[in-house]
Amino acid sequence: MLYLELALQGLVNGSMYAVVAVGLTLIYGLLRILHVAHAGLFTLGAYTTVLLTNALGSLALGTAVSMLVVGLCGMVIYRLLYEPLLEQPPYVALIASIGLFISMEEGYRILFGPYGNSFSSAWLTARISLGPFNMAAADFAMLLGAVVLLVFLAALMSRTRLGMAWRATVTDAAMARSFGVDTIKVRYGIFFMASAFAAAAGSLVAVLNNLVEPTMGSVPSYKSLAIIVLGGLGNVGGTLLAALLLGVIEAFGTIYTGAYLDRDAIAFVFLIAVLMFRPEGLFTAK
Amino acid sequence: MRYSVQLAGGCLAAMVLSTPILAQDAVKIGFHGPFTGFAAADGKSARQGAELAVQQANAAGGIAGKKIELVAYDDEGKPENAIPVANRLIGQDKVVVTVSGSYSGPTRAAAAVFQRASMPYISAYAIHPDITRAGDFVFRTGMMGEVQGRAGAKLIADHLKKKRVAIVAVNNDFGQALTAGFKEAAPKFGLQIVAERTFSMPDRQFGPLVTQVKADDPEVIYAPGYFFNAGPLVAQLRAAGVTADIVGQEGYDSQRFVEIAGKASEGTIITTSLDRDSKSPTTRAFIDNYEKLYKERVDMVAASGYSAMTVAIEALKKAGSQDGKVIRDTIRKTAFETAIGNLSFNSLGEVKKAVQVQKITDGKFHHYTVIDDLELLAPPEK
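Chains C and V, in that order, are what the protein sequence lines are. Take -2 as the starting number for the first sequence in the working numbering and just add one per residue. Take -7 as the starting number for the second sequence in the working numbering and just add one per residue.
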């Protein structure tokens, strides 16, 4: 029973990683850019949701507006930061992205203060019983939110023109263009969606912790990088599996290896091991 | 471009011209803390506390007619930044005494530099035992982690009358020092430690840990950590249906803890330095002035920054000299009345004072008890 509950908690964390990392892997697949500032948008989403929810009194409305606003911010970042750098070697965009991420963190601190923000009406202690499981409502919301978003993403990728265009662009951008795919539009579309997802993940974490801080993106930033490498860069399915797997491994690691190995180090031990034996990633076909 | 060069030149000229005029009859006190980065919340509180002390001292006439000038630098909470900051305060700014409003890492690093320069250095709330071991110029107004850990053990055994304890601690020097003190004292009080678990500083989601603590089924959870860990931790423990008493320490001591954990924070008991219900006029005046000036609830870090700065200023006044050795000797033999109680220092530069215990009732920290067993709380002499 303890193991089952631990696994369930692992899935809650893993689903948060999945929602963040899936956007990152989409962007990597498209542009070969490691979008570190993605985690800055995660934080922005959390702040926007908390501030709007406190002002408007509705979490659903706050989250929706936050996803929209952050999605647009993602498009702006693409246009102003990455597009001018696409001709440069990939590390140039990476450095720019890290720089933007640090500025975003300090920007939030200057704008919103260092103490962090919280929802004024807390529903943290609400609980839900699911058969034998008794979990916090916020955990349940996280799981459910992730499932809804990822199902939506799967449908989008397999059934819509944007999804097809994304897959075509990833496979061969020049060929896609010659078949009339507007690759620029695809990029904007992907940046919007990935950023809106990051905002949703940030909002869910805000509900779970009732705490939004300037540096809350730092852990997701490096962990989601580890996850997309594990999943095979640009591989959406692999990224999802890697995220959930990491969540579960961390959950058990917290309890059984916590005395020797920090929970946040597990991702990297895992990463090093995988890179030694399967350098192409865990879920990439050979 | 040309405009900005001119502007920069103008600023430079203005600085060169204005500095000597200001510096002529000001006494400079150094200060460093994490104003940016992961610990920026505590950096801000500590600085506000220190600035309030300087402001009040200046309004009351300064030191022998000279104004006090606070020279504050950001160390980002990083030891490698603290050393250049210390060198700048000593060599460039020529301060006469320095207060650390930072964590243990930066404070330990800087302590050695100040010791070598024979400059008095007062750590406001960093807890690592090695800080004062840097030498005889280093003092600490905050409690050592070990000392506070021992107080936590006494609190659980003698005041809460409980036995079975699970320790859930942040895995840095803060959590380790508190845990060490707690475990050292636990057998003396007949406490049984049923489990010892850790989490890391950036952790906010404690799902697996909470599940495990629930299975450990303790009577009391002793959980060293900061308010930004403890807020989510306490809320998540209560959300999972854990009803054991939760005992925290000075890291919880911020109104933000209550805002984050909401109703779940009710009944949490902490050991700390600041008594919100204190009858001492010094403490009352500090709380009122701080909350009026900054429109924020006071916290332990602000009170510690204020108190460490008070010690620095009072020592300067009493010493009547800006010589490091004279100031050091003055700090050593004086008893200071501060917002966190009456402070005096032992031969190592460690503070001797009682531990305040506060309990959260109706969303506010209130007096619960005081632990003043001086034998139990005696800091090391070397």
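Among these hints, one or two may not hold up.
[To be verified] Chain V stretches covered by chain C per the calculated footprint, using a threshold of three residues with CB under 8 Å from any CB of chain C: (1) 26 to 32; (2) 138 to 148; (3) 218 to 224.
Hints in this document: simulated from the structure, not taken from any laboratory. Positions of the beta carbon are idealized from the N, C-alpha and C atoms, including for glycine.
Each hint tested on the structure:
no. : hint       : in the structure
1   : 26 to 32   : holds (count 4)
2   : 138 to 148 : violated (count 0)
3   : 218 to 224 : holds (count 3)
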